[in-house]
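Kindly produce the complete structure, drawing on both the sequences and the hints.
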Amino acid sequence: AQSVTQLGSHVSVSEGALVLLRCNYSSSVPPYLFWYVQYPNQGLQLLLKYTSAATLVKGINGFEAEFKKSETSFHLTKPSAHMSDAAEYFCAVSDRRSGNTPLVFGKGTRLSVIA
Amino acid sequence: NAGVTQTPKFQVLKTGQSMTLQCAQDMNHNSMYWYRQDPGMGLRLIYYSASEGTTDKGEVPNGYNVSRLNKREFSLRLESAAPSQTSVYFCASSELTGAGELFFGEGSRLTVL
Chain A
1 AQSVTQLGSH
11 VSVSEGALVL
21 LRCNYSSSVP
31 PYLFWYVQYP
41 NQGLQLLLKY
51 TSAATLVKGI
61 NGFEAEFKKS
71 ETSFHLTKPS
81 AHMSDAAEYF
91 CAVSDRRSGN
101 TPLVFGKGTR
111 LSVIA
Chain B
1 NAGVTQTPKF
11 QVLKTGQSMT
21 LQCAQDMNHN
31 SMYWYRQDPG
41 MGLRLIYYSA
51 SEGTTDKGEV
61 PNGYNVSRLN
71 KREFSLRLES
81 AAPSQTSVYF
91 CASSELTGAG
101 ELFFGEGSRL
111 TVL
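From first to last, the protein sequence lines are chains A and B.
Using the numbering used here, read the first sequence as starting at 1 and increasing by one per residue.
Using the numbering used here, read the second sequence as starting at 1 and increasing by one per residue.
Think of the hints as simulated: they come from the structure by calculation, not from any bench.
Take the hints with a grain of salt, since some may be wrong.
[To be verified] With a straight-line Cα cutoff of 25 Å, these simulated BS3-like cross-link-like pairs (lysine-lysine) come out:
hint	chain 1	residue 1	chain 2	residue 2
1	A	107	A	58
2	B	71	B	9
3	B	14	B	71
4	A	68	A	107
5	A	107	B	9
6	B	57	A	107
[Claimed, not checked] Just the calculated beta-carbon pair ranges, DEER-fashion:
hint	chain 1	residue 1	chain 2	residue 2	range
7	B	17	A	53	42 to 52 Å
8	B	83	A	8	24 to 34 Å
9	B	53	A	79	40 to 50 Å
10	A	14	B	67	47 to 57 Å
11	A	14	B	18	46 to 56 Å
12	B	111	A	53	37 to 47 Å
13	B	113	A	8	44 to 54 Å
All residues carry an ideal CB built from backbone N, CA and C; glycine is no exception.
Now the structure itself:
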């Protein structure tokens with residue numbers, strides 16, 4: 001079964017610093033990969049997704065992620081953190097080989113931004 | 001623009017009571033899902049419905065039942081609630097299962113005493 005591992009349950013950065021949230025997937029075949037964000041007391045919303053087009057995927061709010069097959073990774077980055085980026089971020093995977101397979105989510109990384 | 005609507009938003013139950021969480025989407029999506037979110041566990045899939053008339057178990061289906069009432073509505077029922085079912089429940093929908101973007105409701109916070 002597909003799975004994703006998010007390294008670090010909590011990441012803290014200063015405002016203006018680089019944001020790097022790590023995600024590794026387990027599959028021999030590149031899956032569909034997603035990053036979702038959850039603001040307090042809200043549902044999740046899509047930041048970006050990889051579905052086998054460009055390996056560098058740009059999302060909303062200045063975030064981007066790079067698919068690296070050799071490292072089985074899909075890390076999320078943003079050059080300069082803003083206070084409004086404080087939220088929980090989830091990496092998710094779906095197996096493209098199995099047709100209609102629901103997304104499997106990682107355990108999440110809480111991002112804190114310090115002024 | 002309603003999107004995905006869940007009711008109720010909050011509920012407190014006693015052990016052994018039953019309840020149904022309701023979910024409706026207005027985006028004409030084929031697939032609908034129920035996830036639960038617990039601290040440190042991320043989101044875990046309870047049940048999903050890839051299309052109207054079908055339902056399938058997810059990772060943690062025990063203690064739950066679902067009904068895909070029509071294309072718009074997908075309900076989650078707890079027949080005999082247990083404290084382990086205290087959680088935040090999210091309904092989501094997508095045009096396709098797997099590759100499509102999930103659209104989430106705002107969540108339903110359930111406490112079982």
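Outcome of the hint check:
1. A:107 - A:58: Holds, because 22 Å separates the two Cα atoms, which is no more than 25 Å.
2. B:71 - B:9: Holds, at roughly 22 Å.
3. B:14 - B:71: Violated. Residue 14 of chain B to residue 71 of chain B sits at ~32 Å, over the 25 Å cutoff.
4. A:68 - A:107: 21 Å, holds
5. A:107 - B:9: 23 Å, holds
6. B:57 - A:107: Within the cut-off at roughly 20 Å; holds.
7. B:17 - A:53: 42 to 52 Å: Since the Cβ atoms of residue 17 of chain B and residue 53 of chain A sit about 49 Å apart, the hinted range of 42 to 52 Å holds.
8. B:83 - A:8: 24 to 34 Å: 30 Å, holds
9. B:53 - A:79: 40 to 50 Å: 47 Å, holds
10. A:14 - B:67: 47 to 57 Å: 49 Å, holds
11. A:14 - B:18: 46 to 56 Å: The hinted range 46 to 56 Å holds for residue 14 of chain A and residue 18 of chain B, with Cβ atoms some 49 Å apart.
12. B:111 - A:53: 37 to 47 Å: 43 Å, holds
13. B:113 - A:8: 44 to 54 Å: Given a distance of about 34 Å, which is not inside 44 to 54 Å, the answer is violated.
Violated hints, listed in ascending order, are 3 and 13; each of the other numbered hints is respected by the structure.
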